[in-house]
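Residue numbers (our numbering), protein chains in the order written: chain C, 1 to 103; chain U, 1001 to 1494; chain H, 2001 to 2485.
Simulated from the structure, these hints should not be mistaken for lab results. Every value quoted in this text rests on a predicted model; they were computed, and no experiment measured them. Backbone N, C-alpha and C define an ideal beta-carbon position, used for all residues, glycine too. Be aware that a few hints might be false.
[What the hints assert, rightly or not] Output of the computed footprint for chain H on chain C, the stretches with three or more beta carbons under 8 Å from beta carbons of chain H:
| hint | segment |
| --- | --- |
| 1 | 16 to 29 |
| 2 | 36 to 48 |
[Claimed, not checked] With a cut-off of at most 27 Å between alpha-carbon atoms, the simulated DSS-like pairs for lysine-lysine come out as follows:
| hint | chain 1 | residue 1 | chain 2 | residue 2 |
| --- | --- | --- | --- | --- |
| 3 | C | K18 | H | K2088 |
| 4 | H | K2076 | H | K2365 |
| 5 | C | K64 | H | K2078 |
| 6 | H | K2224 | H | K2139 |
| 7 | C | K100 | H | K2139 |
| 8 | H | K2365 | H | K2398 |
| 9 | C | K92 | H | K2139 |
| 10 | H | K2224 | C | K100 |
| 11 | H | K2469 | H | K2345 |
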Amino acid sequence: MTLDKKIVKNIAFLARIKVPDDSLDQISEELSDIIGWVEQLDEVVTDGVNPMTSVTELTWPRRKDLVNDGDCPEDILFNSTEPNWISDDPSKGGFFTVPKVVE
Amino acid sequence: MTSLNDLTIAAAAKGLKDGKFTSEELVVAHIDVLDEKRSLNAFITETPEIAIARAKESDIRRRSGEKLGLMDGIPIAIKDLFCTENVLTTAGSHILDGFIPTYESTVTTNLRNAGAVMLGKTNLDEFAMGSANMTSYYGPVKNPWIAQSGAKKGKHLVPGGSSGGSASAVAARIVPGALGTDTGGSIRQPASFTGIVGMKPTYGRCSRWGIVAFSSSLDQAGPLTRTVEDAAIMLGAMSGHDIKDSTSVPFDVPNFTSSLLEGVEGLKIGIPKEYSMEGMPSEIEAIWSKGRSWLEDQGAECIEVSLPHTKYALPTYYIIAPAEASSNLARYDGVRYGLRVNGETLDDMFESTRGEGFGEEVRRRILIGTYVLSAGYYDAYYIKAQKVRTLIANDFKKVFEKVDLLLTPTAPSAAFSIGEKMDDPVAMYLNDIFTVPASLAGLPAISIPSGLDGDGLPLGLHLIAKPFDELSLFRTAKILELAAEFDTKPRIAT
Amino acid sequence: MSYIIEGDTGNWEIVIGLEVHAQISSQAKLFSGSATAFGADPNTQVSLIDAAMPGMLPVINEYCVTQAIKTGLGLKAKINLHSVFERKNYFYADLPQGYQISQFANPIVGEGIVLLDMPDGNTREIGIERLHMEQDAGKSMHDQDPRLSFIDLNRSGVALMEIVSKPDLRSSEEAGLFVRKLRAILRYLGTCDGNMEEGSMRADVNVSVRPVGSKEFLTRTETKNVNSIRFITQVIDVESLRQVKAYEEGKEVIQETRQFDASQGQTRAMRSKEFSHDYRYFPDPDLLPVILTIDEIDSIRKNLPELPDDKKNRFIKELGLSSYDASVLVADKEIADFFEQVAEKCNSKIAANWITGNLFGALKKANLPITNSPVSVDALIELLGLIEDDIISGRIAKDVFEEMFESGITAGEIVKKKGLEQITNVGEIESIVDNILTLNPDQVDDFKGGNEKAIGWFVGQVMKATGGKANPKLVNDILRSKLVE
Ligand SMILES: [Mg+2]
Ligand SMILES: [Zn+2]
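Excised from the complex, chain C in its bound form (with noise of 0.2 Å):
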């Protein structure tokens, strides 16, 4: 299978990550040479196989109904990345910000 030029400006966009155009040919390459070479697992056999998810074989650990977390707005904010909006009186919270949404 090969990626081309189309499909990963579609993946690209999916990650959100910017491709320059010109460096388009060199990054579907790469990845069509990497994808090319993990396809050689079409050779196992896996009929009837269940997919592994974890390696842990314990049961969910479980957290009671309890409000222990939170009401730490400093902490939230702290490394919010300019511009945002933060009330004079820290505690009581402020906003991150993003470009205008129009939807």
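On the provided structure of chain C, position chains U and H with the ligands as indicated by the hints.
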């Protein structure tokens, strides 16, 4: 007496206990080496002030007879993939520019509680994606070893990766021990390249909470040290159940040093035939069979075994790890922390931030991962890989009915020179051919420096054990260490 | 009852499926320990996990799982012993992880049913496709700044149940009944407060149309996040008409995500791309499959409360209510509770009439919920008691009720204060009757002449003379005995 920075963790601990020196003296001695060896580029962030402050605290604890931890007053380095409170954490990536966590990872918290003293955050492949430490936004790390002869003579060598900074720092004696993470070999392969011990515990033994995630079903923290005993000590200080990580196991932490002197009498060691690949340097074959006889000399029984799906481990890994990574790295979007490249629209901002923030290899793996999960390809690639992963895990289950451990080489080659294999991703991926299978099966494994190749570069041997049988791993590794009599001091440190 | 759109080319029927997002009632979020309470300051109920800080990991809140199981049982659905949380990958400003943890291939609840109580007193069965758990996203606000949208993550990570109906609904009215009934069931179970104003419930509305008689499904559109029953019905009406119009003009209906513009009363295609793509679901490697045991589920089943349908049947069978009254009374848990308390002490039919009649009327006028009705359970019991004991007449009771509702004074006091007790003293009534008979000889002759109806006129006279307080039965008896003398 040897200078303080040559001491192992065990020796330093004894010196501190016997009052031969203070933690502050010990730490200052290492800080001096840190300055000397800065050209290795092993560290992204140095924290000497923190180190000295914590060393002083340790000395006070000791003087006032307080209860001391397993590593009280011992300096260590921490791979910059672990979130550390109030200390820049980068994952070797531009996209985490200026990120200062307000929290401390569970493993580094455990080490702090054990009294260990952080000297700094070590360089690594960006988001731990690499096998040469060439993909870091903060530049390549140099291997303190250089070739005595051959084509690589006179060139700077890679330390391996992704925990290259940690490996280099330990080999160059900037610290006696360092924290790494291993997803497909990122502790064991650099340990082999730099002539030190690198250990990956069973998946679930160490908490992943606070470790920047690469591939959640594979990532494990582990120690890089200069001796097997030190690895056992450090793992003991790191491990433990963590309710904040659903995949951390609720098992008690054994005393990992307890088995070190038990020897290998009566142990059955499997030699998987699929691990001898054509085109593998004869020196690797040689060290492998040496290891085998060393164990037999001590009364272990070596048996040839078969792990039929070995050759499919690497392609399986290069579907599963990128798939998980493509999702794990989606949170780096410029909204809440790290790099933000503004754009007209929301998507512009996302695409520009991530386009500029991620390096080539990370971008490559995110795109591969996105592709193998995308509609129409999910079954053909991702599900297929997960099924093969099951077969690989079953291979190990079967052989472990016959043997206690497996012995293999750690890597198919010694350290190569900086710049090699950069143009060929797949060739680079082949570095992990011997370490990836154990990762896919979540098994504990260790690399022990076992000899030098013709150019005078270190080679490692690799042991794999049953789940949660780190004790057998350490006792067997100890035998190899004793037999190899490896002088872990780099011949010529830059 | 199927609803028909009469087009120029023929008749069309509407096919509707709803995906209802209901917030699970819980103290803490699905995967973190931060609070879920409504209306907090921005980003004050956000943990490092909810903000997707590097290295943060989810741990399942077991109570949310229990709530989902409860709801599944309430929908008479199959509970799956093995369910899996997966990642739904897409980028959006208020989705910190870059993925939503949801359930996809293996949801916790399978097929179930909801019974609609139709206005004609019949019921209609609507299929439930599945129920799965997932985390909510944060909130984007677009009106605070000319250049920026603001992000508040307080909702990020709040536990939701997505309840997906089969495409069994055929009109906006049915869709409204479905959401009301579903909300009633959730509120009876205590698994969701059903508060649409606070966003505890919202629906994605899938609409397609087809010529009456056709069995195939044509292209559907999905209108996202419609947050009131009125809007849901509006969406269905405008969207179905839009589609019929398109087909009849020979245009195509494209499968797309739309949004509802309440101000315009229109739906329009979403411009932003983030919904129109490939979610790349895969099992979340940070979590383990949710494995349940039969015992666990049975112990939850044992503690289920009585649900609307069972209550309704009991009201009909044991209390003899009409199917209509019963479904009106069970539609809201608070009303059902109010009724049952009154019916314990009084005749249930009379109680039902008073509650569905006078009380509902008064509450509607004052637009108050039954939970703060000025006439309490005990007050109503007292009033109905006075009627049963012949202390006041039904007609007077209505006036008394009005005053109770206004003033909050009890029936007894009002009756005493105004002296509204019935006159049951025979002598007193006889003298009034004698008096009226002597004053109206012509009517007396008329009656004696055989006009039985004239008696009604006499009764009226007596009532007028007593301000309606005379006991009607006594008045009748006395009149008869005197007239036939
Ligand atoms: Mg939907
Ligand atoms: Zn949903």
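Checked hints:
| no. | hint | result |
| --- | --- | --- |
| 1 | 16 to 29 | violated (count 1) |
| 2 | 36 to 48 | violated (count 0) |
| 3 | C/K18 to H/K2088 | holds (22 Å) |
| 4 | H/K2076 to H/K2365 | violated (37 Å) |
| 5 | C/K64 to H/K2078 | holds (25 Å) |
| 6 | H/K2224 to H/K2139 | holds (15 Å) |
| 7 | C/K100 to H/K2139 | holds (13 Å) |
| 8 | H/K2365 to H/K2398 | holds (16 Å) |
| 9 | C/K92 to H/K2139 | holds (17 Å) |
| 10 | H/K2224 to C/K100 | holds (20 Å) |
| 11 | H/K2469 to H/K2345 | holds (25 Å) |
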